[in-house]
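Enquirer: Here is what each chain is made of, one letter per residue.
2 protein chains.
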Amino acid sequence: MPKAERQIIERVRRLVQEGSPGRGALVTGIGDDCAILRPAAGDELLVTTDFSLEDMHFRRAWHPPESVGHRCLTRGLSDIAAMGGQPLAVFLSLALPSDLEQRWVDRFYTGLLQLAQKHGATLAGGDTAQSPTGILADIMVIGSVPRGKALLRSGARPGDRIYVTGKLGLGGSTVRRLYGGEQVRPTGTYFYPEPRITVGQNLRGIASAMIDISDGLSTDLSHIYDESNVGAVIYASAIPVAATATLDDALNGGDDYELLFTSSKRVPKKIAGVPITEIGHIVQRTGMWMQDDSGKTKRLKSGGWQHFSRS
Amino acid sequence: MPKAERQIIERVRRLVQEGSPGRGALVTGIGDDCAILRPAAGDELLVTTDFSLEDMHFRRAWHPPESVGHRCLTRGLSDIAAMGGQPLAVFLSLALPSDLEQRWVDRFYTGLLQLAQKHGATLAGGDTAQSPTGILADIMVIGSVPRGKALLRSGARPGDRIYVTGKLGLGGSTVRRLYGGEQVRPTGTYFYPEPRITVGQNLRGIASAMIDISDGLSTDLSHIYDESNVGAVIYASAIPVAATATLDDALNGGDDYELLFTSSKRVPKKIAGVPITEIGHIVQRTGMWMQDDSGKTKRLKSGGWQHFSRS
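Chain order of the listed sequences is A and Y. The first sequence begins at 16 in this note's numbering and counts up one residue at a time. The second sequence begins at 16 in this note's numbering and counts up one residue at a time.
Just so you know, nobody snuck in bad clues.
Pairs involving identical chains hold if they fit within one copy or between any two copies, as the list cannot separate such chains.
Straight-line C-alpha distance at most 25 angstroms; calculated SDA-like pairs for lysine to any residue:
#1 K164 / R53
#2 K164 / P54
#3 K164 / A55
#4 K164 / A56
#5 K164 / R28
#6 K164 / D58
#7 K316 / R28
#8 K164 / G57
#9 K182 / P201
#10 K316 / A144
#11 K316 / I45
#12 K182 / P255
#13 K284 / P173
#14 K285 / Y207
#15 K316 / E242
#16 K316 / P173
#17 K316 / S113
#18 K316 / R26
#19 K316 / G46
#20 K316 / M303
If you're looking for bench data, these hints aren't it; they were derived computationally from the structure.
Required output: the full structure, derived from the provided sequences and hints.
Expert: Given below as structure tokens:
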């Protein structure tokens, strides 16, 4: 059974103090009505929130607690990466069933705090509650970016090339294997995805528009062309599909946490050790098409992402 | 049935654009990976998050949707008030059961957005998801305060007087009536509590420590003496108990959203139209005591707040 709210807060407060050197931006963290941040002069702040709900975003039988904590934070950090930002502070609202063992909670925090520390973000507050049902987490990440330098979804222009980082489809293919009843060893990139913070920062001044791929390439590309009021053509054979995945996983699977961006400039083949692949170009006519090797195009629809619901 | 995620986001985006003039601090709101805030030079930022979970913090049978939205935001705004801050931006993570009627969602947003507008805060982002169970909301409010001026829980000193705004116990007494099966007309302060934003700002430079009363006077006073490393004596007959409430409701009921603060200065009897009552004083010895009219004291324990759980 998890400890009473006050004990949980004290425990987390200690974990945070032990684990993190604390960054300049955070004046007051856990333990008051609000956390207090002092942003650096000339910086803008980035704010994002993301749910991680049991049986929707993870399952206790499939995901070790450290992975749930890590992935919960990755969802937020990946949004900061997609703006070209630097994470500063993390806030976690966590509701737990009354019969959940404390060991699960400790391991969840371990996974979350290790990733936070790696990226220089401090857990600075949040809320705790008893859950009427499964484990409910909502992560909020605050980051910073030099004024006017954030990379938006709306900056793509006709003629820009379209790029992705890393490989796509591992999320989709792993989910298929889990649903198929396969025993999947809970290690590696699907269980511990690496948010592309450094790559995102290096793309400031290069990318014209950027988004992270959390709902699948087709859905996230549609957000860029929607917000930019342009169209997109992608090349089927250019998409970097992960080893165990299919093209459909890459297009419509979720949880890849790679970056999708457009640029009219020269883009390096590798940034901070991460391969960058050109997969298409932006056109004036709004919509989304896939082109095969013979040059034929067909309309592409956004596929969207499958939740882990029981239904 | 609620609309698909994308439609909900578009709908909220329109509601927000219609309803709010937008404040200077918000550069980019709903519709990108992150919202972008540009804090005023010399300001510090306040951040708070609070869950509102169905059957824990509210019940659909008891609370109209407008009240659930209003109270959800009040929880966050009241934390900003308790620091002496000004709300800037609101982020809402909202998970909805698939069979929830759209009308409920619209009315929830109406209640939330009306209160946001009243206090000059813009709904700037959040997350939506399908809920595996009841309605799950997590509100995050970002506020600002002039650098170094935030009112902390840790500033109480021996000899300071203890004060509260308004009247206490309405939350506790209303919950008792609801549990007792009474039909309670869903209007008034319990259903639409007013966060004490203006009072809080006016207490900068006057209060030495402050907190909002969300868990009951006894629990929230214990946070002040814990963080300040002092003790507190309160006078039983001085506590301003609401008309329908008992002293126990005032001490141990939740959801009052009044301010509790300490001060060594002259404190007005009324601030921004809200009565201020002196209820005790701070002592050196750590702990919490209640004093009766004859001067006898007895130890006071924190009572805590009762969730609306079914058990």
